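Quick one: dock chain against chain with the hints and give me the complex.
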Amino acid sequence: SAVISQKPSRDICQRGTSLTIQCQVDSQVTMMFWYRQQPGQSLTLIATANQGSEATYESGFVIDKFPISRPNLTFSTLTVSNMSPEDSSIYLCSVPEAGAHTGELFFGEGSRLTVL
Amino acid sequence: GDSVTQMEGPVTLSEEAFLTINCTYTATGYPSLFWYVQYPGEGLQLLLKATKADDKGSNKGFEATYRKETTSFHLEKGSVQVSDSAVYFCALRGGGSNYKLTFGKGTLLTVNP
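In the order they appear, the protein sequences are chains X and D.
Using my numbering, the first residue of the first sequence is number 13, and each one after it goes up by one.
Using my numbering, the first residue of the second sequence is number 52, and each one after it goes up by one.
Simulated from the structure, these hints should not be mistaken for laboratory data.
Worth double-checking, as some hints may not be accurate.
Derived DSBU-like pairs: lysine-lysine, alpha-carbon spacing no greater than 35 Å straight-line [claimed, not checked]:
#: 1; chain 1: X; residue 1: K19; chain 2: D; residue 2: K151
#: 2; chain 1: D; residue 1: K111; chain 2: X; residue 2: K19
#: 3; chain 1: X; residue 1: K19; chain 2: D; residue 2: K156
#: 4; chain 1: X; residue 1: K77; chain 2: D; residue 2: K151
#: 5; chain 1: X; residue 1: K77; chain 2: D; residue 2: K156
All values reported here derive from a predicted model rather than from experimental measurement.
Excised from the complex, chain D in its bound form (with noise of 0.2 Å):
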């Protein structure tokens, strides 16, 4: 079946670092695949997705690119900032017409000034 594995953490960060969160999929045929980010206190929020090979998907600075030779889709920000401090989910939706989400175990990230 679908899986997601995602970098575990937690990750503590300066502000201004660089930020890679490593997430790789298993899945059959051509998923769809999401960053999902929880902010303290908030509901999950969509931070960006890709649908199909080679696309990128970015947002609020941060960006993934969808590699099927690597079946991978990392999240990198070049510059942290303290908001930035949330719980980051990799997600995947297997190739079919449902809407079932498959998530990763999710990284939290604190950022400090």
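Chain X extracted, bound-state conformation (with noise of 0.2 Å):
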């Protein structure tokens, strides 16, 4: 199983600004995926990350809002533009099961950010 690391685990940030998530995994792997959790509701997929081309954002999101790195197979950025309370969610990275075809994802333990 692959080991995910988020960082920051916890932040509390002001309206309008803007803060940058990392993932980083132990193991090199073609796509990472970046979900939000918003409080009581399910997990949403925002986007897929593919190393050396553009990220795939799902309906409803946009590259301006939540603009994505992937600057190798092992890390990615999730960056949350212009905050405001509606964005106070948990932000996942997660990556799939290494030479398998069943779908399993691994997650990491999760961005929780608090917008003021």
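In structure tokens form, the structure reads like this:
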């Protein structure tokens, strides 16, 4: 199984600022995924981070709001831009199980953001 | 599109009680089904999975059977422990080559001694 480290684990941010979340994986992976877990809600996929190409965003999410970097096969960042209280969520990085085709994902512990 | 509906929580049980958390889904094709668990202060972990109809996933005393005829994947455990207190998420991956998971809203389980 993959070991995924996220930073920061939590932060309190001011409205209008931006915050970058880092995700480090202990093995090389082709795809990395960013999810959002709003309070009391299920997890929602924001985007797929592909190494060497632009991220693929899900409906309702745009690059200007959630720019993503993927400089290599073990690292990705997600920036939450121009934050508002509605962006208060847990943001999770995930990667698929290596060599398998069942769709299992491994998750980081998440980054809990509170926007005031 | 794909969707997952799971039992609203919170669920509170006494130790050694029987647990059922209902999960139904809507998907095209032949999805894979998962239960993930999130213990307090930790990240999501895969609890069990089933990839085709009639498969039974099991782990740590938990079981769930992939029922295509009822589009369900209910989670059960015969005797819960305090350490099972967590949030449980039902999820599916639709048929296809990508790894996108669709999650239910999660069910908070609290087990009292």
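Taking the hints in turn, this is what the structure says about them:
Between X/K19 and D/K151 the alpha-carbon distance is near 23 Å, which keeps this suggested pair within the 35 Å criterion. Taking the CA atoms of D/K111 and X/K19, the gap is about 30 Å. The hint holds against a cut of 35 Å. A hinted pair counts as satisfied when its Cα atoms are at most 35 Å apart, and X/K19 with D/K156 qualifies at roughly 25 Å. In summary, the hint linking X/K77 to D/K151 is supported, as the alpha carbons are separated by about 21 Å, within the 35 Å threshold.
As the CA atoms of X/K77 and D/K156 are separated by approximately 24 Å, the hinted pair is consistent with the 35 Å bound.
Against the hints set out earlier in the document, no violation occurs for any number.
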